[in-house]
Amino acid sequence: MIKSTKHVYAALILFHVVSWNAFCDQNGFTTEQFGFFESYIRPILIENCYSCHASDTKQEGGLMLDSRSGWEKGGNRGPAIIPDDTDNSLLIQVISYTNPDLQMPPKSPLPDQIIDHFQRWVQMGAPDPRTEQTKPNGISLFDIKSRSNFWCYESVKATMPPEVQHKEWVANPIDQFILARLEEEGLTPADPADKRTLIRRMTYALTGLPPTPKEVDTFLAETSEDGYTGMVNRLLDSPHFGERWARHWMDLVRYAETRGHEGDYPIQNVWPYRDYLIRAFNNDIPYNQFVREHIAGDLLGSPRIHPQLGYNESVMGTAFYHLGEATHSPVDILEDEAVRIDNMIDVTSKTFLGLTVGCARCHDHKFDAISTKDYYSLFAIMANSRMTYASIHNPDKIADQAKTLRTEKSKIRQKLIDNWQIRTENLGRYLVATSRIRNQAKELFETKSQRHDFSQDLVIADFEGQDYGDWQATGEAFGLKPIRDNIELQKDVTSFKGIGFANSFSDGDKPQGKLTSPEFQVQRKFVNFLIGGGNHHNKTCINLVIDDQIVRTATGSNQAKMAAVTWDVSEFADKTAWLEIVDKHSGGWGHISLDHIVLTDLPTSPEFLYSEMAQQATSDAPNLEVGRLIQWANALKGTTIDKSEHPLHYWLKAIEELESKSPVNLQMLRKLKSDLKQRDGIALGDFRDGSFGDWYLGGVAFGQSPPAKGDILMSGRDRQINQLLPSIPSSVGATTQLPGALRSPTFTIEHDFINVHTLGRGNTIRIVLHNLQLIRDPIYGGLERQINNLRAQWQKFDLHRWKGHHAYIEILHNTGLDNFIAVDLVVAHNGKLPESFTIKSQQSSEQVLSFEELENLFDQRILSAFNDWQTGISDIYQLDLLNFLLQHKLLANSSDLNDSIIPYRQLESALPPDQRVVAMTDGNSRQMAVYTRGNPRNLAEPVSARFLEVLAGSNTPYQTSSSGRLQLAEDIINPNNPLTSRVMVNRVWHHLFGRGIVTTVDNFGLLGDLPSHPQLLDYLADQFVSNGWSVKDLIRTIVSSNTYRMSSQRSPESLKVDPDNRLLQSMNIRRLEAEAVRDGMLAVSGRLDRKMYGQSEVVHLTPFMIGRGKPEQSGPLDGNGKRSIYIELRRNFLPDMMLAFDLPIPFTTFGRRNSTNVPAQALTLMNSPFVTQQAEYWASQLMKQEIDSLEGRIEWMYQQAYSRLPSEDEVNQAATMLYDQGQEYNIPESESLHDRRIWKDFGHVLFNSKEFIYIF
Amino acid sequence: MTRRRMLSLCSNGFGSLALLGLMESKTFGNVLTSGRTKPLFPRPGHFGPRAKNVIFLYMDGGVSHIDTFDPKPLLAKENGNPIKMKIEPTQFNNNGGVLKSPWEFKRYGQSGIEVSDLFPHVATCVDDLAIIRSMVSDFSEHTNANYFLHTGHGLQGRPSMGAWVSYGLGSENQNLPGFVVINGGLIPSGGLDNFNSGFLPAHYQGSIFQSGESPIANINKSEPIPTLQRNKLDFVKQLDKRLLGRVGHTDEIESAITNYELAYRMQDTVPELADLRGESRRIKKLYGFDATYTHTRTYARQCLIARRLVERGVRFVELTCPRVKADRWDQHGNIRDGHYRNSLAIDQPIAALLMDLKSRGLFDETLVVWSGEFGRTPFSQGQDGRDHNPFGFSMWLAGGGIKGGTVYGATDEYGYKAVENVVTVHDMHATILHLLGIDHKQLTYRFSGRDIRLTDVYGDVITEILS
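Note that the protein sequences, when read in sequence, are chains A and B.
Add 80 to a position in the first sequence, counting from 1, and you land on the number used in my numbering.
Add 33 to a position in the second sequence, counting from 1, and you land on the number used in my numbering.
For reference, chain A alone in the conformation it holds in the complex (with noise of 0.2 Å):
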């Protein structure tokens, strides 16, 4: 029975393919037997007899083991294989070794499984499609020419429909084809369908959703074809009809959000190309202009740009490149990219053009017409490209916004200048000022020290005590008493005083909790304490509260050792406060550690004094504002200023030494500018010279040529000047809200280290090994690192690792109000910086005899630091001395030049939001090779950049100087390549008849499905082309004929004839996917959240989704009511429910769901608490309608289920079983059309009924 099913098919296949013609001279040979033949048998014959036995050697014993007909005359010995004859093939005797006077092959005999398979072959008939000597050289199974005569790789033939007998049920050509073959088999086509059955499948079809009653009374009503033209429109046009095929979409491309593997690491970025996809079949982009920005989205020289979103569209595109799953730390990096690009590969040659690709990783396909260069030609494609997050704006808008804000930055740039070169005077006279306040505060602090009586503070705990006393503990955190001896937990932590504390540690980072004190007066100028822990302000800090007010904050600073705080709380002398310790945060240093908080006199630092020696300073010299004066007293507050660091550090050294003794040397430093000579290192980039040289630029950030000035940062939520940078290339030219990136060419790593000499903030280098994006620890923690220095410094990389490995540099711009970065020298070295990158210090040193002399000096210096960054020439000493000033409001800053920056502001305010999307960009095009047998350590020939041979009719490589993407997106919609409208409209049909012309939707090679129809494929497919490759008006040709409209009532000579339908003669019944079957429920519960795009909803989780990586939070059982295409899909936390309904698991293109029946799938029906929640929502709308009658309430409820009205059997049938769960909840019968459970019930039961999950 099975075999002669399978006959059928053949003899219906074979009929209509006439090109191919390893399938014309045998009979009856399955794909799958020639198959086998080419696995087990061709090579093993090549590999053992072909030196002996071939037309071209030397045909021993009259022998040729290369061809059918030479097997089929045989040698002198006669026929070396008799089919289906094992016992008589002579072959098969020799191998064996069972035929005494011949043992072959002579040596040794083959592996028993070979002969096992020689066995096997012949029993089943010997299929070999070989017709002639086709293998001159004997060595090579691989031959493009014979290959390519397969129907897949012929040219779509424009066909014109075939004559039928019964014309009258032809509606359009698409009938023509399917009638002439069911005529040939002498079937008939089903009735057309009911309207009802109609509007619901195609309701389901087009856009996921079942039909509204409403819905379906109007097209009841249309008695004309128009009516039904009308429907298809309508459905055409909903804007659910992008949401129906994107999903489809998502399944080619695997798409998930989540990274998998052990982290399940998220994507960033992923869903606005979801939303992309929506947008794009809703308004019907043409499909090659859809491929192209797939393939090449990002290098299309004009973009396609959203005309009312603003989107650049066409860079969206790329993201699904890089949906795949990946892993933070492979072991074998050359392994794992090879590993990522197969994907890559598989995914996109599936997707596009219905081949796998991916098999000619390892060997040249077994089957296709696919070699391994011309894997390994795309793979140079992939291997050639990169993963970025580019910005989904209209490039040429935010060039623009950039190009204006740069102008209006300048211009404020130029009133600083303004401003400054009239206000540097007088700056030496406060140093020299504020320097005295200083020893004097620090003499006076080390006398009040001597003298303090400890006894007279107030101590307002110590935490000695067995529990908190009269401190009040709230949540978990602190526990019921303070920590002693430390012999609990925390065992690091360290300088507390005496044996106990107060921590939040009790269980962990975890808990939180609060501790409160008592009710005090401030009766002390100061309140002195321990404390450690977490840096978070509001979250893990000691707060001083009086009015209610919050008036004091500390937190600690990610350090287990505590550390000495004092506030100056003088100001509320004598009010009523009290103290409360904070933890409200459960991550990372989320406890904090407290001891000794006492009121006293006597402050922990003398800095505490200043205010108070800068009021008696100035009483003395009357030149001096106060207010200035403790501006500067403050800003020289803190340790720093001990070391050479200090920006102000020789000048307050030659002060102090001015005081006791004249005159001194003042030092003073002097940054060189080296020269560049390539010794032991090499620069693998230098912007000094004002150019980018060969780095790839992303974004607008960095500008398109390095600055030659110094340049302003404007910063913070107003927008203020806190930073001057120097004249070296940074992120800001601009504005810090823009998004770019710097980018290397791919290189070699042939040193030990990369140094990056670099500043900035929030800001991220990267050395992306191999294209490997999740940069992580424990091995490639190293390569990624936050810049946070604000003066220029030297960020070392250790690649020794990796050398002989290729990589590129990423310097990014991530946008923020203070972040930047600025780059001016990446060198690659072995261990010490050669010395013409060393960029060196010149000590020098100035007589000084005076005061006054310093006082000018100091003007003076400032001054020259400040014209030579205007000019771009000033060192880092300089420029730390200017920010210096400038951080701490000792200079005339922009405070004054409001009026130039609120427009500046307004600009920036009129940015579009940062919003990126994952996507792909250009490298630099290397050539790279073949690996043998996919192993990236065994290289075989170079290949470079190019089309499958097979499609491109040539191997010439493309001519590019990068990857070669845009030519292949070209060549993939060349409507000269017969693969991708054809694999496209076989898409368009599985999805509207539940199975393609071509059943294997994504694999249209030899081990695919042959076509049922191949001229309608052909039809189609030429339409679709010459209909401007419109999705739209191919799925409403589809839909438009009576193909289409057939019932899906069979017919038994059809069941006979063609038990698996394939030739049509009825509509197929399928279930509903596993998003239309929850979107079903959603709009008829009336739960449906039609709103569309955005940010993913957070996926629930249930008990039964565990595992690393797994998220915080868990979404809303409902989703918030939102279709299922916006539910959030990590890798890892598959839901339940879609997975029982068979969502694909995104590992590679599914073009062919499953569609299984498993017990979870009713179990989930019946009893997951989704699903009753959605029955009861439903009831709840019920209650609302006003429908006095039972059988008025069922038949609302069949209508949005079914699209239907009950018979009268059925609401008989309704009636009992709700009377009977009326009787089970004990309701009196007068109730019951108002009591929502028993509704509830029975609007389980229509969920629960096969008609509502099949579709007819």
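Since the hints were made in silico from the structure, they are not lab data.
C-beta atoms are modelled at their ideal positions from N, C-alpha and C, and glycine is treated no differently.
Hints should not be assumed to be uniformly reliable.
Once the Cα atoms are required to be at most 27 Å apart in a straight line, the calculated BS3-like pairs of lysine-lysine come out as [what the hints assert, rightly or not]:
{"id": "1", "chain 1": "B", "residue 1": "Lys274", "chain 2": "A", "residue 2": "Lys1136"}
{"id": "2", "chain 1": "A", "residue 1": "Lys275", "chain 2": "B", "residue 2": "Lys117"}
{"id": "3", "chain 1": "B", "residue 1": "Lys270", "chain 2": "B", "residue 2": "Lys133"}
{"id": "4", "chain 1": "B", "residue 1": "Lys119", "chain 2": "A", "residue 2": "Lys561"}
{"id": "5", "chain 1": "A", "residue 1": "Lys789", "chain 2": "A", "residue 2": "Lys751"}
{"id": "6", "chain 1": "A", "residue 1": "Lys883", "chain 2": "B", "residue 2": "Lys274"}
{"id": "7", "chain 1": "B", "residue 1": "Lys274", "chain 2": "A", "residue 2": "Lys275"}
{"id": "8", "chain 1": "A", "residue 1": "Lys664", "chain 2": "A", "residue 2": "Lys561"}
{"id": "9", "chain 1": "A", "residue 1": "Lys605", "chain 2": "A", "residue 2": "Lys655"}
{"id": "10", "chain 1": "A", "residue 1": "Lys590", "chain 2": "B", "residue 2": "Lys358"}
{"id": "11", "chain 1": "B", "residue 1": "Lys117", "chain 2": "A", "residue 2": "Lys883"}
A few chain A residues that face chain B, going by a derived Cβ cut-off under 7 Å, partial list only [stated by the list, open to error]:
{"id": "12", "residue": "Glu342"}
{"id": "13", "residue": "Val411"}
{"id": "14", "residue": "Leu854"}
{"id": "15", "residue": "Pro858"}
{"id": "16", "residue": "Gly861"}
{"id": "17", "residue": "Asp1113"}
{"id": "18", "residue": "Ile1149"}
{"id": "19", "residue": "Leu1152"}
{"id": "20", "residue": "Thr1236"}
{"id": "21", "residue": "Val1238"}
{"id": "22", "residue": "Thr1244"}
Add chain B to chain A, keeping to what the hints say.
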């Protein structure tokens, strides 16, 4: 009987299973089930099976073989010295000197096989075990290695061995799934896809049983009273019958209806399975239900449920590890503490499982397999940990068709790399399938343009460990 002979006895052309596979994949998406209307019905294998069921004790994280079943005296001798071998790249590349095992090895049983003090209970069963000391894996990170161990392929998306087995053989219990994973708390790296059916139809995917009262999703009736559900389902049945009357004979709808009946029955059989009140106190004590260590109690429950599952004819049962304080067997640091805790959780329950299977006569028809995804390095990571080692590790098998008291293969003197009778994961899969009566080369499924097997294009049956 030789393999060739067996094959010739098999159906002509392709093996019967492969043919089924082809038939199934020749059918089309929406009628996948019509090729096999009862996909979980038991089917014969290629030849007589030695075991009917498998219990796979998966040791998540990579157990150190040199601290458990592969004694290496040289480690103590050279403790702290640099290892005299080339070190391959490791996950953390924080490699120290040779690290001796903190545990002693003693000889047990008639076979006198050495087992470390980590497994005093399992050691008493050593005469039932065939220990392979020469396992290798292709991957040194968890996720790839887990996928590889479970599916024979290092990436996401392939069917797990349990799925292959239930695809090949069906299930003997029509009220329970054919492949069950009893979760102790730790889902392996790579997530639930380690147990998935990949491209095989969803019937074959692993059902995850939680240890609580409702072991699988949506198994608890949503109605408070059984009659309420029964009434509903009766009405559903009427609706469906009426539908069939309208649309005529339709395979997929008919089997969807049958499916409801299975689901309905599972609502009773699954909770019954998890209800251990009928088990005697003696048995519970044997497994470790009254152990002081809480995770021993967890694993004891898992092992007992595993026995109950194979008793009921479930084809493939996999156990994941309990979540002990020190995480999975993945001790990059402080191996002494972490391995101790992990072994303490599982040692007694595993020994009990082996004994209990024996006393019930189930041992000969059940194959028990114990393995991690790789082993650990003989040199230290940091002070006191061990890094991943795919170049040599140990696993063991026991039960149906296994020659107990056997040691097969060996690593080098350090235990770093397998050097004698190297066994690959594909070999292990081939052997498991063989014991179940399946020729691993003939169990295929057509996907993505080729016939795919669990063992890819590799794998040899390890006949030396078979009885």
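For each hint, the structure was consulted:
{"no.": "1", "hint": "Lys274/B / Lys1136/A", "in the structure": "holds (24 Å)"}
{"no.": "2", "hint": "Lys275/A / Lys117/B", "in the structure": "violated (81 Å)"}
{"no.": "3", "hint": "Lys270/B / Lys133/B", "in the structure": "violated (67 Å)"}
{"no.": "4", "hint": "Lys119/B / Lys561/A", "in the structure": "violated (54 Å)"}
{"no.": "5", "hint": "Lys789/A / Lys751/A", "in the structure": "holds (17 Å)"}
{"no.": "6", "hint": "Lys883/A / Lys274/B", "in the structure": "violated (70 Å)"}
{"no.": "7", "hint": "Lys274/B / Lys275/A", "in the structure": "holds (22 Å)"}
{"no.": "8", "hint": "Lys664/A / Lys561/A", "in the structure": "holds (19 Å)"}
{"no.": "9", "hint": "Lys605/A / Lys655/A", "in the structure": "holds (12 Å)"}
{"no.": "10", "hint": "Lys590/A / Lys358/B", "in the structure": "holds (16 Å)"}
{"no.": "11", "hint": "Lys117/B / Lys883/A", "in the structure": "holds (24 Å)"}
{"no.": "12", "hint": "Glu342", "in the structure": "holds (4 Å)"}
{"no.": "13", "hint": "Val411", "in the structure": "holds (5 Å)"}
{"no.": "14", "hint": "Leu854", "in the structure": "violated (12 Å)"}
{"no.": "15", "hint": "Pro858", "in the structure": "holds (5 Å)"}
{"no.": "16", "hint": "Gly861", "in the structure": "violated (11 Å)"}
{"no.": "17", "hint": "Asp1113", "in the structure": "violated (26 Å)"}
{"no.": "18", "hint": "Ile1149", "in the structure": "holds (6 Å)"}
{"no.": "19", "hint": "Leu1152", "in the structure": "violated (10 Å)"}
{"no.": "20", "hint": "Thr1236", "in the structure": "holds (4 Å)"}
{"no.": "21", "hint": "Val1238", "in the structure": "holds (5 Å)"}
{"no.": "22", "hint": "Thr1244", "in the structure": "holds (5 Å)"}
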